[in-house]
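S.K.: Chain residues, written in single-letter form:
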Amino acid sequence: AQSVSQHNHHVILSEAASLELGCNYSYGGTVNLFWYVQYPGQHLQLLLKYFSGDPLVKGIKGFEAEFIKSKFSFNLRKPSVQWSDTAEYFCAVNPYNQGGKLIFGQGTELSVKP
Amino acid sequence: DVKVTQSSRYLVKRTGEKVFLECVQDMDHENMFWYRQDPGLGLRLIYFSYDVKMKEKGDIPEGYSVSREKKERFSLILESASTNQTSMYLCASSRGGGNSPLHFGNGTRLTVT
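Top to bottom, those sequences are chains C and H. For the first sequence, the working numbering gives the first residue as 1, with consecutive numbering after it. For the second sequence, the working numbering gives the first residue as 1, with consecutive numbering after it.
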């Protein structure tokens with residue numbers, strides 16, 4: 001079955017630390033890839049997306065992600081986190097032949113200590 | 001800006017009740033989705049719809065049904081609520097096609113007692 005795996009359930013960092021959240025998917029064909037963020041008490045928002053082209057994509061608030069096709073991975077990174085980045089982060093995959101349907105990972109809760 | 005509105009933020013229902021969760025989007029999006037969000041499980045797709053009166057099962061459709069009579073409205077129905085349906089329910093919409101991001105509502109936290 002198609003699936004998306006996020007390796008870290010809960011990550012705790014201090015401000016200014018670097019962040020990398022892992023995401024792997026199991027679908028073998030062409031995919032569209034997304035990262036969403038959910039700040040406490042708010043709705044999910046799009047952080048960044050990858051459809052084609054440059055495998056390194058930049059999103060809002062200094063986040064970026066790299067698509068490595070050979071590893072079926074789409075890891076999220078940020079060089080220096082801030083307390084305001086405390087949130088839950090979800091990786092999502094849209095298999096190319098399945099219209100707008102997104103398959104989500106389990107989510108990673110990020111806590112940034114001031 | 002796209003707005004996806006879910007009719008209730010919190011709901012408390014009793015086991016066996018029929019429950020309706022309503023969702024309205026204001027951007028003429030073709031696609032609409034219902035997910036449930038549970039800690040440690042992420043978001044799981046219940047049902048989705050690509051057009052009026054069309055619906056497709058997601059990964060966990062058992063115990064749920066949906067209705068889409070108008071393009072802007074997508075309703076989730078729990079035919080007979082059970083305690084294992086206590087969850088956060090998220091509605092989302094997107095333009096047609098697979099490379100359009102989903103826009104989410106604020107969610108409905110349903111508790112079944």
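Keep in mind that the hints were calculated from the coordinates and are not lab data. Treat the hints with care, since some could be wrong.
Claimed, not checked - Listed below are the simulated SDA-like cross-link pairs for lysine to any residue, each with C-alpha atoms no more than 20 Å apart in a straight line:
#: 1; chain 1: H; residue 1: Lys57; chain 2: C; residue 2: Lys113
#: 2; chain 1: H; residue 1: Lys57; chain 2: C; residue 2: Tyr96
#: 3; chain 1: C; residue 1: Lys58; chain 2: H; residue 2: Ser100
#: 4; chain 1: H; residue 1: Lys3; chain 2: C; residue 2: Val57
#: 5; chain 1: H; residue 1: Lys55; chain 2: C; residue 2: Pro95
#: 6; chain 1: C; residue 1: Lys61; chain 2: C; residue 2: Tyr96
#: 7; chain 1: C; residue 1: Lys113; chain 2: C; residue 2: Gln2
#: 8; chain 1: H; residue 1: Lys3; chain 2: C; residue 2: Tyr96
#: 9; chain 1: H; residue 1: Lys57; chain 2: C; residue 2: Leu46
Unchecked claim - Here are a few chain C residues that sit away from chain H, every Cβ distance over 10 Å (derived from the structure):
#: 10; residue: Ile12
#: 11; residue: Lys61
#: 12; residue: Phe67
#: 13; residue: Asn75
#: 14; residue: Thr86
#: 15; residue: Asn94
#: 16; residue: Gly99
#: 17; residue: Ile103
#: 18; residue: Ser111
Think of the CB as a built atom: it goes at the ideal place given N, C-alpha and C, for glycine as much as any other residue.
S.K.: Against each hint, give a clear statement of whether it holds in the structure.
M.R.: Status of the hints after comparison with the structure:
1. H:Lys57 - C:Lys113: violated, 41 Å
2. H:Lys57 - C:Tyr96: holds, 18 Å
3. C:Lys58 - H:Ser100: holds, 17 Å
4. H:Lys3 - C:Val57: The given pair, whose Cα atoms are some 26 Å apart, is violated under the 20 Å limit.
5. H:Lys55 - C:Pro95: holds, 18 Å
6. C:Lys61 - C:Tyr96: Judged against 20 Å, a Cα distance of about 28 Å means the pair is violated.
7. C:Lys113 - C:Gln2: violated, 35 Å
8. H:Lys3 - C:Tyr96: This hinted pair is violated, its Cα atoms lying about 26 Å apart.
9. H:Lys57 - C:Leu46: violated, 24 Å
10. Ile12: At about 17 Å from chain H, C:Ile12 clears the 10 Å cut-off, so the statement holds.
11. Lys61: holds, 16 Å
12. Phe67: Non-interface label on C:Phe67 holds, nearest chain H Cβ at 14 Å vs cutoff 10 Å.
13. Asn75: At roughly 17 Å from the nearest Cβ of chain H, C:Asn75 sits farther out than 10 Å, so the non-interface label holds.
14. Thr86: It holds; C:Thr86 is separated from chain H by about 16 Å at its closest Cβ, greater than 10 Å.
15. Asn94: violated, 5 Å
16. Gly99: It is violated; C:Gly99 is separated from chain H by about 6 Å at its closest Cβ, not greater than 10 Å.
17. Ile103: violated, 7 Å
18. Ser111: Answer for C:Ser111: holds, closest chain H Cβ roughly 15 Å.
Taken one by one, the earlier hints fail for this structure at numbers 1, 4, 6, 7, 8, 9, 15, 16, 17, listed in ascending order.
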